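Can you build the whole structure from these sequences, using the hints too?
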Amino acid sequence: MRISRVYRYRRQVIAGLILPLLIWCVNSTAFAAPAPQDELRITIKAVEVKPDYIIVSYELVAPAADSYEVSLVLLREGSSSFRIPVRAASGDIGEGKFAGGVRQVRWEFGKDYPRGLSGEGFYFEISVSKVKSSNLLLYVGLGGLAAVGGAVALLAGGKKSEGTTSTPSPAELPMPPARPTN
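Residues 1 to 182 in the numbering used here are what the sequence shown lists, from first letter to last.
These are computed hints drawn from the structure, not numbers from a lab.
Note that the structure is predicted; figures quoted are calculated from it, not measured.
Don't take each hint at face value.
Straight-line alpha carbon distances no greater than 27 angstroms define the calculated DSSO-like cross-link-like pairs of lysine-lysine that follow [claimed, not checked]: (1) K97 to K132; (2) K45 to K97; (3) K111 to K45; (4) K111 to K132; (5) K50 to K111; (6) K130 to K45.
What follows is the structure in structure tokens.
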């Protein structure tokens with residue numbers, strides 16, 4: 001009796017596909033230690049006030065390959081309710097790769113506040129957060145692995161070769177013996 005190799009080793013092939021799939025699907029970062037908080041460090045280096053705009057220079061110490069969301073807020077000393085988000089800004093602000101070196105944000109405050117801001121004791125607060133990357137590669141890989149697994153299952157469970165035995169048809173089976181009568 002001749003059986004195809006894929007059919008003969010189907011359990012090993014399926015086990016060989018399932019184990020790497022499980023290892024790959026488990027997100028290893030879920031079991032890793034939490035990242036230290038000092039991994040992202042941002043400091044304001046200088047603030048230059050011009051008649052029509054303000055330039056805020058900052059430095060972000062973080063992995064350069066990652067993308068970050070950088071935002072800027074104007075605060076006032078002694079007033080916890082005074083919090084003005086910087087909107088009419090350009091330069092190294094928003095979402096992007098801003099790590100490494102001194103970066104600049106140019107805020108044209110006249111566009112946000114045409115009447116200007118009076119008083120003193122203003123300062124800036126800059127915040128940064130890492131942008132989460134999508135898992136597109138994971139989904140493409142899972143789809144490809146599912147296609148390969150389906151093809152292997154189809155080959156393993158497909159038609160048997162000519163030399164194998166199959167279930168006999170009802171015409172080939174002998175009739176059962178008659179029932180005994182009393």
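Results for each hint:
A C-alpha spacing of about 13 angstroms is found between K97 and K132, which places the hinted pair at or below 27 angstroms, so the restraint holds. Under the criterion of a C-alpha separation no larger than 27 angstroms, the hint pairing K45 with K97 is consistent with the structure, at around 18 angstroms. Pair hint K111 plus K45 holds up; C-alpha atoms about 24 angstroms apart against a cutoff of 27 angstroms. A distance of roughly 31 angstroms separates the Cα atoms of K111 and K132; the hinted pair therefore is violated under the 27 angstroms criterion.
Taking the CA atoms of K50 and K111, the gap is about 14 angstroms. The hint holds against a cut of 27 angstroms. At most 27 angstroms may separate the alpha-carbon atoms for a hinted pair to count; K130 and K45 meet this at roughly 21 angstroms.
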